[in-house]
Amino acid sequence: QKEVEQDPGPLSVPEGAIVSLNCTYSNSAFQYFMWYRQYSRKGPELLMYTYSSGNKEDGRFTAQVDKSSKYISLFIRDSQPSDSATYLCAMTPFNNNDMRFGAGTRLTVKP
Amino acid sequence: DVKVTQSSRYLVKRTGEKVFLECVQDMDHENMFWYRQDPGLGLRLIYFSYDVKMKEKGDIPEGYSVSREKKERFSLILESASTNQTSMYLCASSLTRDRNTGELFFGEGSRLTVL
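Listed in order, the protein sequences are those of chains A and B. For the record, in the first sequence the residue sitting at position 94 is 94 according to the numbering used here, with numbers rising by one throughout. For the record, in the second sequence the residue sitting at position 52 is 52 according to the numbering used here, with numbers rising by one throughout.
Don't read these hints as lab results, they were simulated from the structure. Note that the structure is a prediction, hence the values are computed from the model and not measured. Do not take every clue at face value.
Stated by the list, open to error - To spell it out: a stretch of chain B is covered by chain A in this simulated footprint if at least three of its residues, at any positions, have a beta carbon under 8 Å from a beta carbon of chain A; those stretches are:
#1 22-29
#2 66-80
#3 106-112
What the hints assert, rightly or not - Cross-link-like lysine-lysine pairs, in silico, BS3-like; alpha carbons within 30 Å at most:
#4 K57/B - K67/A
#5 K56/A - K3/B
#6 K42/A - K70/B
#7 K13/B - K71/B
#8 K13/B - K42/A
#9 K71/B - K42/A
#10 K57/B - K2/A
#11 K2/A - K55/B
Note that the Cβ used here is the ideal one computed from N, Cα and C, for glycine as well.
Hey, can you work out the whole structure from these sequences and the hints?
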C-alpha cells in the first residue's frame with residue numbers, strides 16, 4: 001500500500017464548476033500538508049500549505065485536512081481554464097526531505 | 001523570485017552512457033533535492049543534500065550518485081544509464097532543514113530518454 005493515495009484522474013469539468021481533489025494517507029505522523037500545482041512541461045509550484053487539521057482558504061482555493069480520517073482535500077471554486085494542470089498532494093512529518101507525494105490528479109477545465 | 005535552473009530540458013542517451021544533470025539555485029537555500037517523476041508513481045526522492053559536500057540517500061538511490069561542491073549547485077549523475085532510468089528528473093531546493101515551510105522550489109525538469 002502506498003503511503004499517499006491520489007486518484008490520477010483525468011478529471012474534466014466545465015468552467016465555473018466546483019472541483020474537489022482528494023488524497024488519503026496511511027502515516028499518522030504526517031503533520032504538514034501541501035498541494036502543488038504543475039502545469040504541463042513545468043515543475044510543481046506550491047499552491048496551499050496547511051499544518052495539522054483544519055481548513056485554509058486562499059481566494060478560490062480551500063484546503064481541508066482531516067487527520068482523524070487521514071484524508072485531505074483541495075476545493076477549487078469557480079474553476080477557470082487556467083486551473084487546468086496536474087495537482088499533487090504532499091505531506092511530511094516535519095522535514096522537507098521526508099516529504100511524500102501523491103501521484104497527481106490531472107485536471108482540465110473546459111471553457 | 002527564487003529560481004531553480006536545470007541545465008538540460010531534454011536529453012536522449014544510449015544505454016551504458018554516463019549522464020550528468022545539473023541544477024543551480026540562486027536563493028542561498030541550504031537544501032537541494034533530486035526527484036524523478038513517473039506516471040502513476042508521483043515524485044520519488046533520489047538524493048538530497050542539506051549542505052555543501054553533504055548528501056543523503058532518498059527512497060530510490062540505486063543507480064544514481066550526486067555531487068554538491070558549491071552551495072548553489074547540485075548535480076545528479078547516472079554512471080551507466082539504463083532504459084529504466086527514462087524519466088522526468090526534477091531538482092528542488094528549500095530554505096532550511098530546521099524549519100518547515102512546506103515549500104520546495106522546483107526547476108522545470110529534465111526529461112531523459114535512455115535508448
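Violated constraints from the hint list, given by number and in increasing order: Checked against the structure, the hints that fail are numbers 1 and 2, while the rest are satisfied.
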